[in-house]
Amino acid sequence: VIERRGVRHFDPLIILLALALVAYGLLLIYSASLSAYPEITAGHPMIRQLVYAFMGLGAMVAVAWLDYRAYGQFAPLLYVVAVGMLFAVLFVGDSAYGSTRWFTFAGQQIQASEVAKILVIISLARYLADRQTQMRDPRVFVISLVMAAVPAVLVLIEPDMGTALVFGAVWLGMVAMAGAPPRFIAILLGLTVALLPFVMLFGMNDYQLDRFRLWVDPNSDPLGGGFNIRQAEIGIGSGGVFGKGLTEGSQTQLDFLQTSTTDYIFSVLGEELGLLGAVVLLTLFALLLFRGIRAATLAQDQFGRLIATGIVVMILFQVFINIAVNIRLVPVTGIPLPFISQGGSSLLMMFIALGLLEGILIRHKRIEF
Amino acid sequence: MSMFEGRRRWRAKEPKKNQPASRRISTMAAAMRALVILMFGILIVQLINMQVIRGEEFQEQAEINALREIPIPAARGLIYDRNGKLLVQNAARFSVAIMPGDMPEDGQQGMYRAVSEAIGMPPEEIGAKIEEGIENQGEFSPAILKRDIDRDTALVLMELAPHYPGLQVIVEPSRTYLTGDLLSHVLGYTGPISAEEHAELESQGYLVQDFLGKAGVEYTYEEALRGKPGKKLIEVDALGQELSVLSERRPIDGSNVVLSIDLDLQQRVAEVLKEFSGDSLNAGAAVMDVKTGEVLAMVSLPTYDNNVFGKSISSEELAALVDAPGKPLVNHVIAERYPPGSTFKTIVGAAALQEGVATAGTTITSRGYITVENEFDPNVVYIYPDWAPLGTLDFYGGVAMSSNVYFYYLAGGKADEGFRGLGEEKVAQYARGFGLGAPTGIDLPGESEGLVPDAEWKNETIGEPWTVGDTYNFGIGQGYVAATPMQMLTAVTSMVNGGRMVTPHVVKEYQDSMGNVLEAVPFEDRGAAPVEPGYLDILKAGMRQSVTSGVARNAAIQNVAVAGKTGTAEFGEIQWNGKYPTHGWFAGFAPYDDPQIAVVVFLERGSGGNDAAPAAGRIFDFYFNGSRAPAPKIDPIPTPGPVPGAEISDEPPPATDAPAPAVTPDPVPASVPTAVPIPVTPAPTPEPPPDTPPPETPPPSPQTMRLRRMEQVL
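Each protein sequence line maps, in turn, to chains A and B. Note that the working numbering gives residue 566 to position 224 of the first sequence, counting from 1, and the numbers run on in steps of one. Note that the working numbering gives residue 737 to position 413 of the second sequence, counting from 1, and the numbers run on in steps of one.
Just so you know, these hints were derived from the structure itself, not from any lab. Computed from a predicted model, the values in this text were never measured in an experiment. Treat the hints with care, since some could be wrong.
Output of the computed footprint for chain A on chain B, the stretches with three or more beta carbons under 8 Å from beta carbons of chain A [as the list claims (entries may be wrong)]: (1) 549-561; (2) 722-733; (3) 776-790.
Some chain B residues flagged as far from chain A (calculated, every beta-carbon gap over 10 Å) [claimed, not checked]: (4) ARG335; (5) SER350; (6) GLN375; (7) GLU381; (8) ARG573; (9) GLU595; (10) GLU599; (11) GLY650; (12) GLU660; (13) ARG661.
A virtual CB, placed ideally from N, CA and C, is assigned to each residue, including glycine.
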């Protein structure tokens, strides 16, 4: 399927940036797990992450190799699989930290929502691409919204507010790119803002209200839910401009931070590598996202363009929400930092997403500019 | 790739109008780039806020997080008697506590259950105690769940501790007092620091879980006994486990304290006091080295076992102890004041010699009473009785026989005979000069000041002018004047040691744990007694005569010349037999020629001559002769106190020159003016029928009754 000239369009920067991020993440995982794993052994989280990274690279190549339009062919099926997974995980999934998100498959834990995100992006892209001439039809707008809302609500039930928000953001970015009239979007955002207080009053369960309250004042439960919020803040704040040095952070090394290799890995970075380390990280992400945006503009068809857009928005929001939780800009919600957080599903699906981007680039027929 | 080819192959169709809206796409792309920059910009702004602007604040918090200052308690000093006998030992008591800041986020309930099973306290109560602890002391001070758990439970909990972060078994020092109730009033006890004490002492490094001295020597010498706690700075992980010691300052153990108390003597004094205290609610006795002011023995009855404070004592138990008859927690030797009765005559006598009111040769005749006319109505005459018509007495005889009339003259004078007395002001001045009306400065807490009245005081407190009758009562240690046994002891001490007002003390010196003397505890004299040694010698001779042939003769012992003064002081309400209950006093010293020790005995109910004097005799006998022999048959000294009304004889008072031989007087009559207006004709004065129980107290009258009540109030 790959014509020889197509290979020229392969974007090595995307891979290099991704590998740089993974390497950065490995350093942080190493430091964060130093107290639990003083020596590097086969079961060390860093080794496992490295294995997933190689698997991800392979998956990426495979996904890029296949014509991405073939995924569009199976879009309805993919959507059914995504919703089915999210539905099933609520009943048979494993729980951790008060949330049910994982399947155990072949000895590996698979986070359903990580897989579902990519599948829903493909399905939405297919639906919107098919109707690119009917974008002024409110029905198209509403149906696409429902398509995104169903998995979002299922994820919300887990509960996983962060991922639900990512679904919302991805849909919004995709319909905007697809050419939905701005007034539709304006009306929807207006409605959302207007309804927000009611949702918070009546729609949020105790768990979410608690998290909101703790975000406002972590000291209301300094030893319970507020503990990590405060410790993350202390860790990052105490890092200063240059950080305390890798493996030198007292908050990290003395185990004041919990889940320091996953959701709170940014706190390790903030404490040990400081503001400079954070700027380096955000620069890497910004460059990667710019390459993704470039892929969207180069895509030969609307389908590819929308997939690329969805992936860019997904990565952007995950990065933003994860870091914002760490630095107490938003209430706590568990969401991995792409390429950095320890976690097989997330890493694999990120590489698969990059594979889609590469596939789109390889097959574009335009002249580069 | 053929599987994807064919008629069913799907492709996104390009719009029919070939209008790829490339402008829109590039606008969208630009918008997305802007969004990336905006969102990452927000993150960076917040990061700058946290890491640069508030960086130092968070750095401090990170340090507080990881570093803990752990106190290392110092071993409390031991206490010995003057001969090196150990009186108190350190022991351990176990308490279970939880450090709230180290508890895990989850699994607290499991921890509560485990602890609950071990100590039998409901989990809810544990939770409540932890909440309370956080509120009072923050989350990084251990909240005590239960004190005094037994050793086995402590071991169980110590095994649990590593599995439950925050759970601690605190080993606290406790004191075991080896002498039980023998030295409780001197040693005192320790207890957990109270919130108020902690607020006051926090700057000295006291912690909320500390123990400190609450009474006795444990209280007064807290600083020496406590030593200096050390501390170490350690690095901990989030579970509070110690990772490394960054710095350490070793504790300095408390100094050992050596009492001036002689345990054997203390033991004997306690026995003697019990034997002679009769139906007294309380009693006290003390022995002092007259040269140094060292207290060799100090016993207050009833006593208590201070070991009860080594365990957690419930408020009910404590209340029962506080309210028990005789107030066992009170050290009656120093903390309560009583009318000193005739022991006060030593002070009046010394004052009269110093002021020239009397000389050794001044003779006064006691016809058994003295009369005073009412200032405004000469027809009204008040009678002040002696305990017997003692005849003509010189100064020695006045002291030895404890003649009230003799001391009425010295204190108040006799205007119609032209005898000038000291007057109220001088009596008060000398009483204060000998240390009454102010704490003696003994190194024990809770000392009473006593009371030295004067005209100004009476006017302010009672709102009545001072009368000659008041001066008469004052002169014989009755009326308003009140003193602690310790005050009387130090007064007598200063009379016999060359006129030095010593500061009494129960602690001699500090030693380190090896027994090396660190320093003798310095006690400076409170100055000189207000009377010159030459006059004091006359007084001492009178006191000696009191023991050889006077009313204190039951204090005499073999081999050693004892001298002293008894007192039988009325107090309280009149009894069924028309008499007042009396306190029995003895204050004296020995040997007469070269005084070494002074002794005071106070019995809440008893007679000076028949109870207190022989008790003191047993103490002298033990001290000088090592004898534990019981008292020889007590030579009954009539307790003074004419019985009112009915017993008043119709005969005129015998103007005898000498006391009726049969009636051996011990004077100490006491107190209050018989304020019964009587005909100018010498009225029947109360006179003790021979062989009757001795007179000591004048009959009360309504007015007296009121005065007595005042006295009680005061």
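To see whether the hints hold, each was checked on the structure:
{"no.": "1", "hint": "549-561", "in the structure": "holds (count 3)"}
{"no.": "2", "hint": "722-733", "in the structure": "violated (count 0)"}
{"no.": "3", "hint": "776-790", "in the structure": "violated (count 0)"}
{"no.": "4", "hint": "ARG335", "in the structure": "violated, 6 Å"}
{"no.": "5", "hint": "SER350", "in the structure": "violated, 6 Å"}
{"no.": "6", "hint": "GLN375", "in the structure": "violated, 5 Å"}
{"no.": "7", "hint": "GLU381", "in the structure": "violated, 7 Å"}
{"no.": "8", "hint": "ARG573", "in the structure": "holds, 23 Å"}
{"no.": "9", "hint": "GLU595", "in the structure": "holds, 60 Å"}
{"no.": "10", "hint": "GLU599", "in the structure": "holds, 63 Å"}
{"no.": "11", "hint": "GLY650", "in the structure": "holds, 52 Å"}
{"no.": "12", "hint": "GLU660", "in the structure": "holds, 52 Å"}
{"no.": "13", "hint": "ARG661", "in the structure": "holds, 55 Å"}
Comparing the model with each numbered hint stated earlier shows that hints 2, 3, 4, 5, 6 and 7 do not hold.
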